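Engineer: Can you make the complete structure from the sequences, with help from the hints?
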Amino acid sequence: MAEDEWIIKTIKKRNEQGLEELIHKYGGLLKSIIQKQLYALPGHQDECLNDVFLAIWNNIEQYDVSKSSFKNWIAVIARYRSINTLKKYRNELKTVSWEEALETENVHNDNPLSQELWEIKLEELLAPLNEKDHKLFKDLFESQDSTDVIAEKHGLSRGALYSRFSRGKSKLRRHFEKKGESRNE
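Residue numbers (full-length UniProt numbering): 1 to 185.
The set of hints was computed from the structure by calculation and includes no laboratory data.
A portion of the hints provided could be inaccurate.
The list that follows gives simulated cross-link-like pairs (lysine-lysine, DSSO-like), each with its CA atoms no further than 30 angstroms apart [as the list claims (entries may be wrong)]:
| # | residue 1 | residue 2 |
| --- | --- | --- |
| 1 | K71 | K138 |
| 2 | K36 | K153 |
| 3 | K153 | K88 |
| 4 | K13 | K31 |
| 5 | K88 | K135 |
| 6 | K71 | K88 |
| 7 | K138 | K153 |
| 8 | K67 | K121 |
| 9 | K25 | K87 |
| 10 | K71 | K12 |
| 11 | K138 | K169 |
| 12 | K132 | K178 |
| 13 | K138 | K88 |
| 14 | K169 | K132 |
| 15 | K13 | K67 |
| 16 | K178 | K25 |
| 17 | K9 | K25 |
| 18 | K25 | K36 |
| 19 | K135 | K153 |
| 20 | K67 | K36 |
| 21 | K87 | K121 |
| 22 | K135 | K169 |
| 23 | K25 | K67 |
| 24 | K153 | K169 |
| 25 | K135 | K87 |
| 26 | K88 | K121 |
| 27 | K31 | K9 |
Listed next, with one range per pair, are the computed distances between beta-carbon atoms [said to hold, decoys possible]:
| # | residue 1 | residue 2 | range |
| --- | --- | --- | --- |
| 28 | Y80 | G155 | 43 to 53 angstroms |
| 29 | G28 | N59 | 17 to 27 angstroms |
| 30 | K67 | S170 | 28 to 38 angstroms |
| 31 | G155 | P42 | 37 to 47 angstroms |
| 32 | K13 | S66 | 18 to 28 angstroms |
| 33 | R79 | K171 | 45 to 55 angstroms |
| 34 | R14 | N84 | 52 to 62 angstroms |
Quantities reported herein were computed from a predicted structural model and do not represent experimental measurements.
All C-beta atoms, glycine included, are put in the ideal place defined by N, C-alpha and C.
Structural biologist: The following block contains the structure:
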């Protein structure tokens, strides 16, 4: 806490050492907040981080110790700046419908973050399915095996595989249409 007071006082005096200490102490926290919000825009994360430091520098007089801790105050600034950056650059994001994502064959990407994001999004997408169908869909999307090999692996005929895929796709469509309706109400 005393260290935070020193950082605040030093920045208020417009001494860059305060900013350097802020970066040293809280840079990792701020960067992780920004990365969480801007995972799809990695090229704008550093720009956003710099905007956060500038906002802290320019608005340090508005910090009120009685309302929140310094750490929370700067975290809120980082969150809102990253949301604003996301809004500013959202046109750069390629919007893909869930049906397009389902029809995507194999994902080949050397970027481990993109691969990790794909895994997370795929898990979210397939969450409504039962365990057997979940495994089947994952194999269809991630495996480089032919549909015949995947069908054999799951103890299904090729026709049964296509039937389960079709039923699962219909179930997902209904789930996401229902989810979309509830958001619009």
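Engineer: All hints, please: hold or fail.
Structural biologist: Now for the hints, and whether the structure bears them out:
{"no.": "1", "hint": "K71 with K138", "result": "violated, 41 angstroms"}
{"no.": "2", "hint": "K36 with K153", "result": "violated, 37 angstroms"}
{"no.": "3", "hint": "K153 with K88", "result": "violated, 46 angstroms"}
{"no.": "4", "hint": "K13 with K31", "result": "holds, 25 angstroms"}
{"no.": "5", "hint": "K88 with K135", "result": "violated, 38 angstroms"}
{"no.": "6", "hint": "K71 with K88", "result": "holds, 26 angstroms"}
{"no.": "7", "hint": "K138 with K153", "result": "holds, 13 angstroms"}
{"no.": "8", "hint": "K67 with K121", "result": "violated, 37 angstroms"}
{"no.": "9", "hint": "K25 with K87", "result": "holds, 28 angstroms"}
{"no.": "10", "hint": "K71 with K12", "result": "holds, 16 angstroms"}
{"no.": "11", "hint": "K138 with K169", "result": "holds, 13 angstroms"}
{"no.": "12", "hint": "K132 with K178", "result": "holds, 23 angstroms"}
{"no.": "13", "hint": "K138 with K88", "result": "violated, 34 angstroms"}
{"no.": "14", "hint": "K169 with K132", "result": "holds, 14 angstroms"}
{"no.": "15", "hint": "K13 with K67", "result": "holds, 22 angstroms"}
{"no.": "16", "hint": "K178 with K25", "result": "violated, 45 angstroms"}
{"no.": "17", "hint": "K9 with K25", "result": "holds, 15 angstroms"}
{"no.": "18", "hint": "K25 with K36", "result": "holds, 19 angstroms"}
{"no.": "19", "hint": "K135 with K153", "result": "holds, 11 angstroms"}
{"no.": "20", "hint": "K67 with K36", "result": "holds, 25 angstroms"}
{"no.": "21", "hint": "K87 with K121", "result": "holds, 20 angstroms"}
{"no.": "22", "hint": "K135 with K169", "result": "holds, 14 angstroms"}
{"no.": "23", "hint": "K25 with K67", "result": "holds, 21 angstroms"}
{"no.": "24", "hint": "K153 with K169", "result": "holds, 20 angstroms"}
{"no.": "25", "hint": "K135 with K87", "result": "violated, 35 angstroms"}
{"no.": "26", "hint": "K88 with K121", "result": "holds, 23 angstroms"}
{"no.": "27", "hint": "K31 with K9", "result": "holds, 23 angstroms"}
{"no.": "28", "hint": "Y80 with G155: 43 to 53 angstroms", "result": "holds, 52 angstroms"}
{"no.": "29", "hint": "G28 with N59: 17 to 27 angstroms", "result": "holds, 21 angstroms"}
{"no.": "30", "hint": "K67 with S170: 28 to 38 angstroms", "result": "violated, 51 angstroms"}
{"no.": "31", "hint": "G155 with P42: 37 to 47 angstroms", "result": "holds, 41 angstroms"}
{"no.": "32", "hint": "K13 with S66: 18 to 28 angstroms", "result": "holds, 21 angstroms"}
{"no.": "33", "hint": "R79 with K171: 45 to 55 angstroms", "result": "violated, 35 angstroms"}
{"no.": "34", "hint": "R14 with N84: 52 to 62 angstroms", "result": "violated, 25 angstroms"}
Of the numbered hints listed earlier, those contradicted by the structure are 1, 2, 3, 5, 8, 13, 16, 25, 30, 33, 34.
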